[in-house]
Amino acid sequence: MTRIVVVSAGLSVPSSTRMLADMLGEATTRAVQARGAEVEVDHVELRALAHELTDNLLTGFAKPALQAAIDQVRRADAVIAVTPVFSASYSGLFKTFFDVLQPGLLDAKPVLIAATAGTARHSLVLEHALRPLFAYLHAVVVPTGVFAATDDFAGGPELPKRVDRAATELAALLAVSGGAPAAPTSQRRLVEDEFESPTSFDELLKRASEGPPEF
Amino acid sequence: MGMQFGIFTVGDVTTDPTTGRTPTEHERIKATVEIAKHAEEVGLDVFATGEHHNPPFIASNPTATLAYIGAQTENIILSTSTTLITTTDPVLIAEDYAKIQHLTDGRVDLMMGRGNTGPVYPWFGKDIRQGINLAIENYALLRRLWSEDVVDWSGRFRTPLQGYTSTPRPLDGVAPFVWHGSIRSPEIAEQAAYYGDGFFHNHIFWPASHTKQMVQLYRQRFEHYEHGTADQAIVGLGGQFFMRPNSQDAVDEFRPYFDNAPVYGHGPSLEDFTEATPLTVGSPQQVIERTLSFREYVGDYQRQLFLIDHAGLPLKTVLEQLDLYGEILPTLRAEFEKLRKPGVPDAPTHASLVAAAGGAKDATVYADGDAATGSSDRDLSDPEVAKVLEGEL
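As you go down the protein sequences, you meet chains A and B in turn.
Its first residue numbered 1, the first sequence is counted upward by one per residue in full-length UniProt numbering.
Its first residue numbered 1, the second sequence is counted upward by one per residue in full-length UniProt numbering.
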């Protein structure tokens, strides 16, 4: 079972960000199924977690609903991240979610980036804001990002075409056809990994003394 | 002694939000001593102080504070919350706490912590990214300094030692008991388990799920390293309460302190935070019930410390909190004792450690009189010194 989590940061209802998130989720389902694999898509809407995200910034820990969302992302095989454009970049709410993830949580995870805005003039936000963010987080970013301006929702073939293309690329990165994963698998050890299989003390002691003197 | 109860402080100098008044360092230092002495008066077993090296704290030099309190108390165990094993030279820790052991007749133990204040590391010539490695290596050396009379040692984080004897030797030949504290680093639970030392979770400001996970891992690894069954591992917990006979009074009085507290202030509401973390604000009965519930997720444990003097609470209020703590203490002791499973060990004390070691033995390392004391590095008859003074070297 391939697990995809769609993280979206739209604020209004209905939200064009959520609409784009739905399109990407459905297209990815089709693309993964076309490769003969089962897929499960879950949505995380950050609006409902806004208070808990702010609390997390201040207290350093996530309350249950936010923790559940973070766990979903941690366990996901791939993430679709969709933000509205605010002041020439991703929204603060969107960034906050990725700020509170522990380092390494997105290591080697395929991520499809997408954004919405009022006009097409914002389209490069994908390249100057989202792609560097996820590169920093060591995610594997799908080559095609999807930008949708309000006009794109008026119909026409252009947006669905880009959505399908991005979804196909994401499915290919997942290598769900049974071959070796296309994405690199080297990952930082998360605190959950450490609880699951603790590093033995002998190893900790060895690690501590490795490296040049620091005095 | 079954379970130990006490308090721990971090020594913050915080403005009282209800009056706008901030105590001076002097007032806060003296208040800390008052609090410790009153803790003994109301029957508590442990007073622990933190260690910080920056404003707004007065918690530098914990050893002077503990020795000073030790001189004015009879029974209370003096401990740390925490001793910075990362940035403090283990050679100094070995000397300082062995000395306090002698001065207080064994009323001292320590809790090791890494410290989370980034800039402190470089001030002491260390790198926070090496935090775990420093904790592992420094503690390995500290143990040897206490257990071996003469130590040859070399490592990564301090200059080597050749034929070094740490003085004084531990009282009765038994090192102080050590707890290892960590909120979310499984490596530290592993370290505590490996040595069969105690593990302490601060259990404040964080959800109980963190505590449960860490204690579970520690217990499991304690058994793995064959120090006993998981139930026999030595566990300590922090906690935080504010009590008044009437619970609504407690909430009303504590709220401004909560809302403006340095750590969690201006964030979640008091109600949210008491639900999400072990903080209890209410009547003595509520504090008893909440405290008894801790064992449901960590098992039977040996030490319970509460934080009661932070966020600008005035000394008078803190002393009143201690009075209330003293009033519920007999109930807490009796109820925990009733619930405790058979076979769970008592909290360790100097006496129990001495007994386990087969009795007290003097560990003094005697040496011949030395030729160094009283000589001067400016002794002109020393040809090396003369050369320096004449500018040749």
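Keep in mind that the hints are not guaranteed to be accurate.
Unchecked claim - Here are the computed distance ranges between Cβ atoms for each label pair: (1) B/V150 / A/E203: 51 to 57 angstroms; (2) A/R207 / B/G343: 34 to 40 angstroms; (3) A/E127 / B/Q248: 43 to 49 angstroms; (4) B/E271 / A/G104: 56 to 62 angstroms.
Claimed, not checked - Result set (SDA-like, lysine to any residue): computed pairs, CA atoms no more than 20 angstroms apart in a straight line: (5) B/K316 / A/K206; (6) A/K206 / B/Q213; (7) B/K387 / A/A68; (8) B/K212 / A/E192; (9) B/K212 / A/E45; (10) B/K316 / B/I328; (11) A/K63 / B/R156; (12) B/K212 / B/E223; (13) B/K361 / A/E192; (14) B/K316 / B/P245; (15) B/K212 / A/V191; (16) B/K212 / A/G60; (17) B/K99 / A/E192; (18) B/K30 / A/T199; (19) A/K63 / B/G265; (20) A/K63 / B/S269; (21) A/K206 / B/K212; (22) A/K206 / B/R158; (23) A/K206 / B/I288; (24) A/K206 / B/R156; (25) B/K37 / B/P314; (26) A/K206 / B/R144.
Stated by the list, open to error - Which stretches of chain B does chain A cover? Using the computed rule of at least three CB atoms under 8 angstroms from a CB of chain A, they are: (27) 206-217; (28) 257-267; (29) 285-294.
It should be emphasised that the hints constitute simulated quantities derived from the structure, not laboratory data.
Ideal Cβ positions, reconstructed from N, Cα and C, are used throughout, including at glycine.
For each hint, the structure was consulted:
no.: 1; hint: B/V150 / A/E203: 51 to 57 angstroms; in the structure: 29 angstroms, violated
no.: 2; hint: A/R207 / B/G343: 34 to 40 angstroms; in the structure: 35 angstroms, holds
no.: 3; hint: A/E127 / B/Q248: 43 to 49 angstroms; in the structure: 57 angstroms, violated
no.: 4; hint: B/E271 / A/G104: 56 to 62 angstroms; in the structure: 34 angstroms, violated
no.: 5; hint: B/K316 / A/K206; in the structure: 50 angstroms, violated
no.: 6; hint: A/K206 / B/Q213; in the structure: 25 angstroms, violated
no.: 7; hint: B/K387 / A/A68; in the structure: 72 angstroms, violated
no.: 8; hint: B/K212 / A/E192; in the structure: 13 angstroms, holds
no.: 9; hint: B/K212 / A/E45; in the structure: 29 angstroms, violated
no.: 10; hint: B/K316 / B/I328; in the structure: 19 angstroms, holds
no.: 11; hint: A/K63 / B/R156; in the structure: 39 angstroms, violated
no.: 12; hint: B/K212 / B/E223; in the structure: 17 angstroms, holds
no.: 13; hint: B/K361 / A/E192; in the structure: 45 angstroms, violated
no.: 14; hint: B/K316 / B/P245; in the structure: 16 angstroms, holds
no.: 15; hint: B/K212 / A/V191; in the structure: 14 angstroms, holds
no.: 16; hint: B/K212 / A/G60; in the structure: 17 angstroms, holds
no.: 17; hint: B/K99 / A/E192; in the structure: 40 angstroms, violated
no.: 18; hint: B/K30 / A/T199; in the structure: 44 angstroms, violated
no.: 19; hint: A/K63 / B/G265; in the structure: 16 angstroms, holds
no.: 20; hint: A/K63 / B/S269; in the structure: 13 angstroms, holds
no.: 21; hint: A/K206 / B/K212; in the structure: 28 angstroms, violated
no.: 22; hint: A/K206 / B/R158; in the structure: 16 angstroms, holds
no.: 23; hint: A/K206 / B/I288; in the structure: 44 angstroms, violated
no.: 24; hint: A/K206 / B/R156; in the structure: 11 angstroms, holds
no.: 25; hint: B/K37 / B/P314; in the structure: 16 angstroms, holds
no.: 26; hint: A/K206 / B/R144; in the structure: 17 angstroms, holds
no.: 27; hint: 206-217; in the structure: holds (count 5)
no.: 28; hint: 257-267; in the structure: holds (count 4)
no.: 29; hint: 285-294; in the structure: violated (count 0)
When held up to the earlier numbered hints, the structure conflicts with 1, 3, 4, 5, 6, 7, 9, 11, 13, 17, 18, 21, 23, 29 and fits the remainder.
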